[in-house]
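2 protein chains.
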Amino acid sequence: MAQKPSIPKGTRDFSPVEVAKRDYIFATIKSVFQNFGFQSIETPSFENLQTLMGKYGEEGDRLIFKILNSGDYLKKADATLLANKESQKLTSAISEKALRYDLTVPFARYVVQHQNEIEFPFKRYQIQPVWRADRPQKGRFREFYQCDADVVGSDSLWQEVDFVQLYDTVFTKLGLNGVTIKMNNRKILSGIAEIIDASDKLIDFTVALDKLDKIGKEGVTKEMLEKGISEAAIEKVAPLFDFTGTNQQKLNQLATMLASSAEGTKGVEELSFIIDTIETIGLQSANLTLDVTLARGLNYYTGAIFEVAAPEGVKMGSIGGGGRYDDLTGIFGLKDMSGVGISFGLDRIYLVLEELELFKEVALPRPDVLFINFGNEEALYATKAIAKLRAEGVKSELYPSDAKMKKQMMYANKRNIPYVVLVGSKEIEEGTYTLKNMSTGEQSVCKLNELLEVIINS
Amino acid sequence: MAQKPSIPKGTRDFSPVEVAKRDYIFATIKSVFQNFGFQSIETPSFENLQTLMGKYGEEGDRLIFKILNSGDYLKKADATLLANKESQKLTSAISEKALRYDLTVPFARYVVQHQNEIEFPFKRYQIQPVWRADRPQKGRFREFYQCDADVVGSDSLWQEVDFVQLYDTVFTKLGLNGVTIKMNNRKILSGIAEIIDASDKLIDFTVALDKLDKIGKEGVTKEMLEKGISEAAIEKVAPLFDFTGTNQQKLNQLATMLASSAEGTKGVEELSFIIDTIETIGLQSANLTLDVTLARGLNYYTGAIFEVAAPEGVKMGSIGGGGRYDDLTGIFGLKDMSGVGISFGLDRIYLVLEELELFKEVALPRPDVLFINFGNEEALYATKAIAKLRAEGVKSELYPSDAKMKKQMMYANKRNIPYVVLVGSKEIEEGTYTLKNMSTGEQSVCKLNELLEVIINS
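First to last, the sequence lines map onto chains A and B. Under the numbering used here, the first residue of the first sequence is numbered 2, with each subsequent residue one higher. Under the numbering used here, the first residue of the second sequence is numbered 2, with each subsequent residue one higher.
Some hints could be false.
The list makes no distinction among identical chains, and a pair is therefore deemed to hold if it is satisfied within one copy or across any two copies.
Unchecked claim - Restricting the straight-line Cα-Cα distance to at most 35 Å, the calculated cross-link-like pairs of lysine-lysine (DSBU-like) are:
1) Lys-267 with Lys-405
2) Lys-10 with Lys-218
3) Lys-336 with Lys-407
4) Lys-215 with Lys-76
5) Lys-212 with Lys-437
6) Lys-415 with Lys-56
7) Lys-448 with Lys-437
Keep in mind that the hints were calculated from the coordinates and are not lab data. As the structure is a prediction and not an experimental result, all values here were calculated from the model.
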């Protein structure tokens, strides 16, 4: 009995057109990574369970896909756990491998494991799929690609400068002009927490502040008070409620406001260096903005924080992000490895390019020319010509059977093949080819080199 | 406490150099696939368990990696199965997804599921990893890539002709001249089984026959008799023991020998057509050979059988293979879809290219030029130059910190960076750059456009 075929929820098949568009984004990102001196590594799809567990918080542990041990996996399992159906406790007994959840932990594991083969600072990029047992929803999948670039082994702020330029270059190359690269610094956030004397309320604080545009100064103040932030504290950060002007003006306001916090002041200095340098060098099409509400990855970032927003008018969450972390590899036993990295959100970038019709230049996955098949003699003549065209880089194919002409032409039409070649006994005798331009309908009889020229120059 | 990092057995990390070499092979195969009119699809890494189970035989079922259900996966599991620790029977209750075992079954599933969006004949290629819980050994991994091209929806033998040319083109492009493309036909094997009246002993027969080179005519006869093939039967296939000469001569011998078998005769005709056509067209560097012992995929191939052997002198199993199957999609409810496909063995091709030193032209994963960092002022000057070089496609990077000169030069050396640029206050004043060729040690002071020219032309 035939099964009705389907795929697991949260996963996707990609058609030839989708693969071509995705490959275009991958290739663009990859070429810029290489252009900036990054090297590619690849790690296995599954890691030892213990490599991944405990690295992403409790929620993360739950969302990791575990692989069932092969063979008689229950043999050594604890009978009581089985009898009581204690799923969670049983897991480590029947599963010792799990699918990659992100690229960062495998990268940290790689760096520690291969530290003696690596030249530091190590500039690596990695473009591979990851898997999460998240509830699938619009734009959220259980299998998706991450595109990461990181540098470990250097705490120089020139890396942050480099990453701002890298974002700018990739999005400019993709034709996606006008993205906003938002930056903040973990130390500025710590400084704010320090002066308001409420480090445990930092997230509440930034979440409330982020709503300034929507609910105004009063609304934000109200929410902060509700969250238990004192009036005196709110007073101290009052400048943030009128936080406008250039990046320079914002930095000046922050410097004044955080003067009493050593860490906050350090954060302002770091961000100033990056922003000043980028202003001197200039960007191609992106904007760089200081955004003091940016708090992503608060748990692990220790310095710069990046996030990229699509150009104005496009409704989409962040299309990239990253930051600096001071101790990525410590969990695997290699201390004092400062790192900084960024990531591109492939699926969202895809949707933005689609919305703005920026895939125009992606070559469609179809041959340049189809040779119609009128029978074995004609097909042999065609096949010889096809071999020559292919050698010149012209994507060519022969319709495999001598089906009705109409059917073959329909195939060419549906696959958007721009040229069709017809050869009958007359052409074979004369050593010629009848070339048909499928969009204009024009037909001409020509020699092979003419045919090649027309197709290559079209 | 730090964990000592490792990866699951049978999996691999790939270093930048390995990724570059693998990418070179992938890119070569991909460009030829496209050149021949094939389109790429991608399917999810995991499929529904029922999509995969029962498609690869009992052994295959065991080797499929199953993914443990998320959440409280034991909740609905049968208590008796748990109490009795019946691993195998429990599996479908606690796992509903499994990692892809090959690309063929997911392809069949894809074709059926998307049949209304596809133009037939459908020429698809797919380059993705697959996973098997095989015992790891030299050259056999639990995660490895398959590179497949198939055509479904046409039984034309021109496809087989196309695949022979495709193999020839890929290996020629890789510089791997002199591979042998072996061909057989399932119908010839059936014909042989028919005339020896022992269809159940076909595998024993071909396995024994394959040893002709090693154990001679007598050894083969002895083994066949031991396997229960009668003397009368062996008599009938006597021509196979002196099966030498050109492909044409072999085909003639087979035609005579199999004259009484309709199916065998059909197989000889099919193979004749392919071999004759290829002889007329010619190949670039590969050899095409009829090999009547070739019996791979006997269970599912129904026509042509392909296998590619590395050039003589290289000890390596087959580096490619494929064949025609008449009913790929039937298991998923779409009947009468004849297909034919081939596959490239990436890992073995890698080893062969390494052995024959054919990776010479692969660009090393390193920047073309490193700018030494003497401090922030110099770094800013360098960064402006780097931006211009990168825009011209020159892979460039700044050493991130103003570490000791020696350390920075060592980094350049170890990463095999061919050029280093030094800029101090003198260069900044003059608007020049000191360019050092790392292999010759030569140094010259030049303007940016000269520097660009030297690097691009090197």
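Could you tell me which of the numbered hints above are not met by this structure, giving the numbers in increasing order? Violated: hints 2, 4 and 5.
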